[in-house]
Amino acid sequence: DAGITQSPRHKVTETGTPVTLRCHQTENHRYMYWYRQDPGHGLRLIHYSYGVKDTDKGEVSDGYSVSRSKTEDFLLTLESATSSQTSVYFCAIREGLMNTEAFFGQGTRLTVV
Amino acid sequence: GQSLEQPSEVTAVEGAIVQINCTYQTSGFYGLSWYQQHDGGAPTFLSYNALDGLEETGRFSSFLSRSDSYGYLLLQELQMKDSASYFCAGYTDKLIFGTGTRLQVFP
Chain A
1 DAGITQSPRH KVTETGTPVT LRCHQTENHR YMYWYRQDPG HGLRLIHYSY
51 GVKDTDKGEV SDGYSVSRSK TEDFLLTLES ATSSQTSVYF CAIREGLMNT
101 EAFFGQGTRL TVV
Chain B
1 GQSLEQPSEV TAVEGAIVQI NCTYQTSGFY GLSWYQQHDG GAPTFLSYNA
51 LDGLEETGRF SSFLSRSDSY GYLLLQELQM KDSASYFCAG YTDKLIFGTG
101 TRLQVFP
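Top to bottom, those sequences are chains A and B. Reading the first sequence from the start, the letters are residues 1 to 113 in the working numbering. Reading the second sequence from the start, the letters are residues 1 to 107 in the working numbering.
Treat the hints as calculated values from the structure; they're not laboratory data. Remember, predicted model here, so these are calculated numbers, not experimental data. Be aware that one or more of the hints could be misleading.
Here are the simulated SDA-like pairs of lysine to any residue, each with C-alpha atoms no more than 25 Å apart in a straight line [stated by the list, open to error]:
(1) A:57 with B:42
(2) B:94 with A:60
(3) B:94 with A:88
(4) B:94 with A:113
(5) A:11 with B:81
(6) B:81 with A:107
(7) B:94 with A:15
(8) B:94 with A:101
(9) A:70 with A:82
(10) B:94 with A:78
(11) A:70 with A:40
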């Protein structure tokens, strides 16, 4: 199994508080992705990274920021959580541009109350 | 933008063959890949097509036609454990997922 770990696995937070989710990989893969999954919407790309300090927006980036200061860690931050950000968040890694297989973490279930 | 459309649900019986279609509305994808996700689990990679045509991987096959912006996943000899959601995904530096198809396999 690919070495990819998300933390925390579950979190309940209050509206307006900042939240940071962590994705850690031990595979030295270049690409890292953050997705959210909601019923009826599949997996939607929030942000992704193509190298240390190289990040770009995805389909649903509003309200989210990311950072990648090391190859192995990709952080997703909700600056001020809202109830609409209640979701399951998945991190994924991919070795390179022409590598087609992505490996997913086990997900983080975030509830904003 | 980039979008990939799939039927929301497909049902079939054990031993049957089922096809899950994926149509996309963007150019520029290097190829199309397919993922399976069981309830409560993470997506896992099934197959990909970098070139037009059919790719076979055991009971699963995948097809791509770039000229038609269309692909499909073919599942043969269906088993109960194949009940899951299936996603197509177009890849460049991004990896954009389709809307997903829930497959229910009945005895």
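Here is how each hint holds up against the structure:
Taken as a hint, the residue 57 of chain A and residue 42 of chain B pair is honoured in the structure, with Cα atoms around 22 Å apart against an allowance of 25 Å. Between residue 94 of chain B and residue 60 of chain A, the direct Cα distance comes to roughly 13 Å. Compliance with the 25 Å bound is thereby established for this hinted pair. Proximity of residue 94 of chain B to residue 88 of chain A is assessed by CA-CA distance (about 20 Å); at most 25 Å being required, the pair is judged to hold. Between residue 94 of chain B and residue 113 of chain A, the direct Cα distance comes to roughly 31 Å. Violation of the 25 Å bound is thereby established for this hinted pair.
Pair hint residue 11 of chain A plus residue 81 of chain B does not hold up; C-alpha atoms about 30 Å apart against a cutoff of 25 Å. Taking the CA atoms of residue 81 of chain B and residue 107 of chain A, the gap is about 21 Å. The hint holds against a cut of 25 Å. As the CA atoms of residue 94 of chain B and residue 15 of chain A are separated by approximately 30 Å, the hinted pair breaks the 25 Å bound. Restraint check: the Cα-Cα separation between residue 94 of chain B and residue 101 of chain A comes to about 12 Å, which is no more than 25 Å; the hinted pair holds.
The hinted pair formed by residue 70 of chain A and residue 82 of chain A fails the criterion: a straight-line CA distance of about 28 Å is larger than 25 Å. For the hint pairing residue 94 of chain B with residue 78 of chain A, the CA-to-CA distance comes to about 21 Å; that is within 25 Å, so the pair holds. This hinted pair does not check out: residue 70 of chain A and residue 40 of chain A have alpha carbons roughly 34 Å apart, beyond 25 Å.
Checked against the numbered hints given earlier, this structure breaks hints 4, 5, 7, 9, 11; the rest are met.
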